[in-house]
Each structure stands twice: as structure tokens, then as C-alpha cells.
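Starting from the given sequences, assemble the full structure and let the hints guide the process.
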Amino acid sequence: MVQRLTHLLGIETLTREQITFFLDQAKPFQEFQRYPLKKLATLRGKTVALAFFEPSTRTRISFGTAAARLGADTMALQAEASSLKKGESLMDTVRTLEAMRPDSIVMRHSSSGAPAFVAERLGVPVLNAGDGMHEHPTQALLDALTIRDRKETLEGWNVTILGDILHSRVARSNIYLLSKFGARITLCGPAPWLPRDVESLAPGLRRSYCTEEALEGADVVMVLRVQTERLHEPALPAEEYILEYQLTPKRLQIARPDALVLHPGPMIRGLEIDPAVADGPQSCVLEQVTNGLAVRMALLYHLVGGAAPEVPQTTKE
Amino acid sequence: MRVVEKRQLLSAEEIGRTLQRLAHEIVEKSGGTANLALIGVRRRGVPLAERLATTIGGFTHSQIPVGTLDITLYRDDLSTIGPHPVVQSTEIDFPVDDRDLVIVDDVLYTGRTIRAAINGLFDLGRPRRVRLCVLVDRGHRELPIEASFVGRTVQTTDNELVEVRLKETDGEDRVVLVERAL
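If you read the protein sequences in the order shown, they are chains A and B.
Here our numbering is used: the first residue of the first sequence is 264, the next is one more, and so on.
Here our numbering is used: the first residue of the second sequence is 15, the next is one more, and so on.
For the record, the hints were derived by calculation from the structure and aren't laboratory data.
Do not rely on the hints blindly, as some may be mistaken.
If the Cβ cut is set under 10 Å, some of the chain A residues that face chain B in the computed set are [claimed, not checked]:
id: 1; residue: D287
id: 2; residue: K290
id: 3; residue: E294
id: 4; residue: K301
id: 5; residue: L306
id: 6; residue: V461
id: 7; residue: H565
C-beta atoms are modelled at their ideal positions from N, C-alpha and C, and glycine is treated no differently.
The structure is reproduced here in C-alpha cells:
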């Protein structure tokens with residue numbers, strides 16, 4: 264039984280072929296960002312609901328712009344995190360969304376699995392814009408596109424992910440994606456944010472609490488945002504984080520000379536990343552933003568329009 | 015969809031001669047090559063545009079820029095229920111503003127592809143003039159679109175298809191008329 268790609272809930276269940284397909288399809292949309300007139304009629308008449316139940320500026324604007332440039336209308340839903348029982352409020356959410364009859368839903372929620380919950384109940388394509396500590400698939404796709412463009416291939420790189428791995432859905436999605444392309448991944452951060460069981464996410468993951476050791480031989484360095492609310496936990500004051508884990512120019516020199524520096528944003532200059540590195544030639548942060556727009560346009564184009572027959576299918580388990 | 019070949023419309027040699035003639039016509043009716051550029055519509059318009067540019071370059075000694083245009087995003091049938099086709103790249107690395115453009119495609123039929131191509135070009139800038147060059151015009155226009163440069167005009171029925179095969183895309187140069195097998 265073959266099933267087409269209806270929702271984008273995570274990277275874990277995507278095949279290499281599906282990922283490659285969407286990266287390839289992002290290319291024409293990358294070129295599109297340079298056109299003087301950035302407006303298509305491809306999704307005209309369709310409505311994309313932007314259901315963001317967690318604060319977000321960048322991802323929400325990126326998805327909103329992607330939809331608008333394809334000619335779609337957007338419905339912006341921004342709800343505060345509810346204090347009601349999670350299951351209850353999510354069902355209400357589903358009913359509210361259903362009543363507005365969007366053609367597709369882009370959803371960010373603080374509960375892992377919330378987009379999947381909605382996808383099962385509503386008959387429209389759901390795109391996960393970040394769910395709890397689970398996945399942020401479009402971030403991983405735009406990171407992969409950035410790496411592939413700069414390095415001409417996605418295969419077999421040494422990737423170091425630096426920061427709060429435990430709480431990071433960006434890290435998880437990237438781990439799933441890059442390990443499908445043979446990356447040798449090293450996870451590095453303070454012990455409380457680097458539990459042993461992250462190794463089970465993919466085969467061959469390495470862990471290190473020492474930044475210098477983790478950066479050796481790295482082709483790609485992914486710096487994670489420090490979620491400042493967590494710095495008040497007894498484990499780690501900011502000064503210590505900076506001392507041990509900040510990506511400084513000196514530390515970056517330990518990596519390969521042409522290593523890429525990626526950051527999902529927003530950056531806290533002077534905390535997890537030295538401003539000189541953030542603005543240096545190895546930094547890809549601005550390309551990541553442009554690529555995010557292209558990737559999201561490619562996804563909306565195919566998912567809201569329906570996947571083409573040539574799109575590689577997932578097999579139903 | 016099964017098709018049955020009915021007859022050959024153009025042999026390899028005839029395609030070659032037709033393209034030669036079209037190349038000369040384009041230059042003649044453009045008053046020279048200044049500002050001229052060819053835009054090949056994917057897929058088969060692209061090798062045709064490249065061949066025309068090479069031929070024009072041969073007898074005028076000037077290099078005519080060639081761009082490739084993918085019209086997928088400008089199709090008028092994308093809102094109907096069904097899967098969206100795969101998008102290819104548009105590569106036009108020269109400015110479109112104020113240019114004398116000739117769109118090149120293999121077959122002109124309903125005109126919808128060319129309508130989409132014009133939309134695509136106008137998203138990139140404001141050309142001075144846009145004309146159309148096709149290898150075969152098979153009639154049955156559904157929009158007010160005309161080609162200034164036509165290789166061969168063929169009367170066809172709705173049940174027939176004009177299949178253009180080119181070395182670059184199909185391994186041989188041949189144009190055939192086929193019919194859908196009922």
C-alpha cells in the first residue's frame with residue numbers, strides 16, 4: 264500500500280528520497296526570492312491557517328510570507344499557552360480550526376505530538392512548525408539545504424551540535440535528517456542538557472561535555488539557542504556557559520577551516536555565540552533565513568496542492 | 015495513454031532547415047540582434063532556443079543570450095483538484111527590462127502555456143517586446159495568442175498529438191503526428 268505525503272509532522276519518518284525531493288524543489292523557490300515581483304497565483308483561493316500556540320516571530324513570519332508569495336491567504340491564530348488540561352484545550356483548538364475551514368494548517372504547539380493529534384482529526388494537510396521538544400522539521404530541511412548549497416553535497420559530514428540538546432526540537436530534527444545522509448554527529452553541551460539517552464536517537468552519535476574536543480574535525484557546527492529561562496536552574500549560570508560552551512573564534516579554529524556555522528535563531532550575541540563568529544564568513548545565518556522561505560514555499564506548494572505522483576511515497580506500515 | 019503513430023511531420027533534416035530559416039527570420043524581423051534574447055520554455059523549447067541562438071551567432075557573429083523558463087508556477091490549472099507537478103528552475107541571468115524577447119517552444123496548441131510564460135516573464139521585469147517562435151503550430155487556440163515565427167502549421171484533431179522529439183531530450187530529431195488509441 265503506498266501513501267502520499269499528506270502532512271509534514273517530522274523528519275523521523277521521511278525517507279532520503281523525500282527529503283532530497285523537497286530540497287530539490289526548494290531551488291526554484293530560492294531563485295524566486297530574487298524576482299522583483301514576488302507574487303504567484305499558484306495557491307490563490309487557498310487559506311493557510313497559522314496556528315501558533317507558542318510564541319514565534321521568525322517562523323510565523325516565514326510561513327506567512329511563503330504562503331502569501333504563493334498567492335494564498337493566511338489566518339493567524341495566536342493563543343497563549345493554556346492553563347487548562349492539555350487534552351481538553353487541544354480538542355477545543357481542533358474544533359475552532361475546523362470551524363474556520365482552512366485548506367491547511369501550520370502549527371506550533373508546546374506539546375509534543377500536538378500537530379499529529381490535529382492531523383488525525385482534521386482532513387487537511389498539517390505542517391509542524393515545532394512541537395514541544397519533539398521536532399521542527401522545516402528547520403532541519405532549511406539547515407540541510409544551507410549545508411548542501413555551501414558544500415555541494417549533504418553526505419557524510421562531521422557535524423557538531425552545540426548547546427541545550429535535551430530541550431531542542433531543532434537538534435532532534437537535525438539529528439534524524441543528517442544521520443539519514445551518513446553524517447557523523449557529535450552532541451556537545453553541559454551534562455544536564457546532554458543525557459545519555461540522546462544517543463538512541465540515531466546510530467553512531469557521540470556525546471561530549473568538552474567543546475574543544477567536540478569541535479575537532481567538524482565540517483558543520485550547529486549552535487543552539489540558549490533558552491535563557493533554563494539558565495536559572497541550579498546547573499548552570501550564564502557566565503559558566505559562556506566560558507565552557509560559547510562558540511568563540513578561537514574555538515571555531517579547532518573545527519575544519521571551511522566549517523560552516525549554523526544557528527536556528529534568534530541569536531543571543533555574547534551568550535552562545537561570539538559576535539565575530541556570528542558575523543564572520545563561516546556563518547550561514549542569513550542564508551538559513553532565505554532558505555527557510557524557499558523550503559516552506561516548496562512544502563506549501565506540494566502539500567497544499569497535493570503531492571505530485573512523482574513524489575516518493577511513504578509506505579504504510 | 016496509448017498512442018499510435020499516424021505520420022511523420024518533420025525529419026531530422028527538415029527540422030534543421032526549418033530552424034535555419036527561423037533563425038534568419040528572427041534576425042530579419044528584429045532589425046538586427048541588438049537587445050534580442052531568446053527564452054526557451056521547458057522542456058523542449060530550451061534546446062530549440064539554444065540551437066537558434068547558435069545559428070544566429072554563426073551568421074551575425076553576435077552572442078544572443080538564452081534564458082530558460084519553467085512555467086509550472088504560472089499554470090492556470092493548479093487550482094483544480096489533483097497533484098501539483100514538480101517545479102523546475104527558471105534561469106534567466108540577464109535583465110529582462112527593455113529587452114526584445116522571443117519565447118521559443120516546440121508546439122503551439124491552446125496557447126495556455128504561452129500565457130503562463132508571458133506571466134512568468136512579466137514577474138521578472140518589463141520587456142520592450144515579447145514575440146513567439148514555435149516549431150509547430152497545431153491550431154485549436156483557446157486564448158488570443160499568436161506566433162510571429164512558425165516552423166510548420168499542421169491541421170490536427172483533438173484526438174491527435176504532435177510529438178516533437180529532439181536529440182537533446184529524446185535522442186533523435188523527429189516530429190510525428192500521433193493519435194490516441196481509443
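Hint check results:
no., hint, in the structure
1, D287, "holds, 8 Å"
2, K290, "holds, 6 Å"
3, E294, "holds, 6 Å"
4, K301, "holds, 8 Å"
5, L306, "holds, 8 Å"
6, V461, "violated, 36 Å"
7, H565, "holds, 6 Å"
Hint compliance for this structure: hint 6 is the single one not met.
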